[in-house]
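Student: Turn these sequences into a full structure, and let the hints steer you where they fit.
Okay, so the sequence shown: first residue is 43 according to this note's numbering, each after it adds one.
Read the hints as simulated data drawn from the structure, not as lab findings.
Heads up, simulated BS3-like pairs for lysine-lysine below, C-alpha to C-alpha not over 27 Å straight-line:
id	residue 1	residue 2
1	Lys448	Lys353
2	Lys902	Lys961
3	Lys1086	Lys1069
4	Lys114	Lys448
5	Lys405	Lys471
6	Lys610	Lys719
7	Lys719	Lys501
8	Lys124	Lys355
9	Lys308	Lys351
10	Lys998	Lys968
11	Lys961	Lys998
12	Lys829	Lys902
13	Lys719	Lys532
14	Lys353	Lys308
15	Lys216	Lys203
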Amino acid sequence: MMSAPNYDEFDFPIELTTQPLPVVGICGLDTVNNAIHCNVWEAFNNIRKQNRPLVNFKLITPEHEFPTRKPKKSSYECYIPKGILKRNWMDKHMNHAPAVIIMFYDLDWNDPQWAEKQTECASRVKSLKLTLEGRHTKVALVLIQQEPPIPSGEEIIGGDKSLALIQECELNSKYLLLLPYNTSTADQMQGYVLNLQTTFHEMCIVYFNQLIRDVKSHKSTLIKTIHAYLFIRHTFKMAFYAEMKGEFLAAHKYYNQAYLLFSDIKMTHTNIHECKVVASYIMYKMVSLLFVLNQPRDAIQTFHSHVDKYKFKFGNELLLFEHHAWLSRQYAVFADLFESTIRNGLPASQARHPGFYYQQAAKHCINRRTARNSLCANVTAYPEPDPLQGSSTLDYYGQRPWRPGKLSAEPPDPKKERDGIQALQWLEKTRVDHSMIIIGHLGSAMAQFNTYRCPRMKKYLVIQMAEEYLSSRDYGKALTLMSHMLGDYKNEHWTRLVDDITRPALYCAFVTASVEEYLTLSLDTDKVSTLVNLTRVMNNEMPQAIQYTNHAHNLDELKILWIKNLAKSDNANIEVEMRSEHACVQVKTRLTVDEEAKYMLTVYLRSHFIEPVTFSSLSCTIGDSNLLVCTDLTLPPNQLVECSAEFIPLSCHINTEVTVSHVTLGLETAFRKLALKFMITKDPLKDLPLWRPIESKSDLEMSNIVPLHSVFIVPNTSEMSLDITHDNPALLLEWYPITIKLTNQSSHPLSSLSLVLTCPDSDNIDLCEDSQHVTNNDSTNNPAVAKFPLNRAIGELAPRQDGGEMGQGGQYETIVYVRCTATTPEGAAKLINVKVSYSSYSDPSVLLTKESAVKLNVTKPFDISSSFLSNSFEPISVFHSNEQILIQPLIQCVSPWSIVIEDTFISIPDSIDMKHETKCCLELCKGQAVTCIACVVIKEPRNLCLGVFTVKWRRKDSRLGTVTSCIELPRVDVLPLPIQLSLNLPAHGLVRTPMTICYTLYNYLNSIITVQVVMESSEAFIFSGYKQVVIKLVPDSGQEFKFKIYPQLSGLVALPGFKINLLSKHEGLTQQTIDDMLIRSIPSHIYVLPQPKGIESSQQAQLVMQV
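Tutor: Set out below in structure tokens:
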């Protein structure tokens, strides 16, 4: 029965590729039941997550068993080694044999049970030492102390106890360490652990130094002619120990010495495999260390020297595939190592990067498959008994399982050798998927070449990968890759490469029944079979079978698959992009202008089919339009065919250059439509192949044709004049008239006239054609108001025009009104495009156009601002209820045109009373301003809008009615007014003439207010009435204070001071509130006129009598 060995012998073991670290055993920690011990172990574990830890911590339980110690040999004189490098040796030192063991123990200096715990600790340490007897493993003791440090002055106590503990445990004083652990030091745990790691690493260095000395001692007793294997093994051990210490330079020196010792070994068929395997391991160590030491050139040179040394050491010729597998693995491993080093910061270049080594790995894997095919073809069975039994438990790397530990000088057993070789050949034949290995290496190489911008190498590898997919019968992926590369090679004019790739791609399309891909590829292949296969596929028949590989296919199954795919609706209409330089039909175009100013398109075609072919249609795409040149076009083989058609430009083509973008040949049957789309390029060099064979007569005729792909469309001389008049700028919200006048300047009538108005930015602009509707002030919801664009026939706009025709010298005028609801920014303008379309008498089928543009600036007619005043005409910013407010809107004319203000008014909400309002009706020029005023009283204290100010206006000379502009007055917060004072005062006074004034004080609170009213004396007036009085105001009531005053001076005279002092306390009412109200509510001065002569004496007498 055949075993299932791990046949990939050349995979590098994990212990070789992993960075070796000294093993530090941690014992004495109960991580399950003790939380402190668990936290300590977690702190050591966290070090592993850092970059390049110094040691490898391993938790040792009481049940742990250390590796069995090998007995020392007294002499090596008679010892014959059975192999070079043992399999379990590196793993033992990296994972199982600790260099240092740390015993953790909970013990404080002031522990009350110090003596008992000291004895227990010493017992554990001695027991551990007894277990490790005969080894160089170092033992250290770490005391976990939870108590605070010893106070100053008591250090001698801790020193005595530590000395006693060291003596009882028989430890070096440097190997007793402390680990504080309490609430105050919990945050510093990681720092303590890092310090301990450094100490542990120093212990490990001492351990490995001792091992190196032992190995050197053993090596000095060896005989080079007898113990060549041991020389390599011992030198490898010293290198490995140095690497474990972190001394990379010394490690590289020892590895290099071990590698050079292979020159002293005579290699034969029986030991060549082992030598190559171990040499490759040592090479890997040397190269990895050179990369770590930042010596990439030396690393690359070392690898190349290694490959050059062993590339011709084939070994047994019947196992040649193993040699290629070994070479492939060498390149792949080095490439992985190279790439890893680059990711860590090593620079690379286009000439030297891992992609080349991945490519070589794939190349040797291909050689491996070739050797397999020639050597393993006759192997039909696996031998019995299994010669590879026990291959996973061999003691030495690289040895054969049917002769383990055999010396190279011993003659091999012929039968076992034959069975072993047969077993390896059978596994190579049946168990190894060479294509997947090759594809993996090629994929890695492609990624590298793509990174370092080597596109041609990448394409070359893509083709190799496609061939591997084809070899492994993954035809779909092979077709996808080849199709991509065909497009690239066509663009670069690699005709020979296109021919080489097309045939395997066509084979993949055939076996996968890919209809579209098959038709596309068949047009690029041998022209003899192209027409036959095209005809079969177009008629829903399976094409002729293609034989490209030795793969066997069931034609019946392929036929069923073809029938299924041909019936899909996706394959009913197929478009194939063609290139004229590499196609079954060669195409050239010329776009010219003849004597009659007609644009003519001429298409030249030359068929490479061996038989005449009839196409259902020939069309060209010129600009944005598609032109049908002809139908039912028959192309004879290798003959030049010329087809012409007139191209009629569209209005959008005028004043532009139009280009022939592609030519389409259509093939149509009852089952399928096929469009051959030939791309037309402007660059004539792109239509030329890289090489040209001897030309025939038809080739010369085709090459003499100079293609013309573009032509500039020039507008015909206009037979229509288009005049547009308007007064720029327009005013915001007004209906702005634009007059459009058309005149027929030709000698014959023009027909099919139409007018089109468009505006690219039509969001804030309205349009109207009827002047009667724009005179209506309420035109917001008018049905006559429209949006852009406007498209009208002339006859529709002006019924007097006979069917939209305009006779010789005829004119047509119309006015279009536009209204803009937003101003244009400074330096910008609204653009209104005016286009007139018409047909000429000479060619009614051609529609001609005349275009013009209107640049319209929109500005505001006026600026409106508002201010708010008190009764004394002072500006106010705080508003109170039940207090008169003066609203003063200001209209500032900013229009370049004179405007007439027809009417103004303020619309107020219900919570405001209008006491008085003035109107503004006058003419304003630019820079002039007008103001109006309204007196209002706000009833309730709340946040509200003061109203809307409306202005009705028009241009001075406009007859289109008024325009209504509205502006919303600001929202204000109205505060409650606790107390209010008003003054009834004559408009003016007369010197030495008494007059009566009346102060009214009103209480708006819900409580009684006690105030003191004071009338201050004044030199300008004599008055009678209360000079000082205390009153109580009940809620919602008022009190009048009347005074007769006698003016003494003329002019603008200050009134006697009227003051109110608050005597009671109320919420929301303070003395400052009353003082502010007095300043805001009553006037402070009055105009006093002088007394006319002759009246003064009589008035004085009357005053004396009144007094």
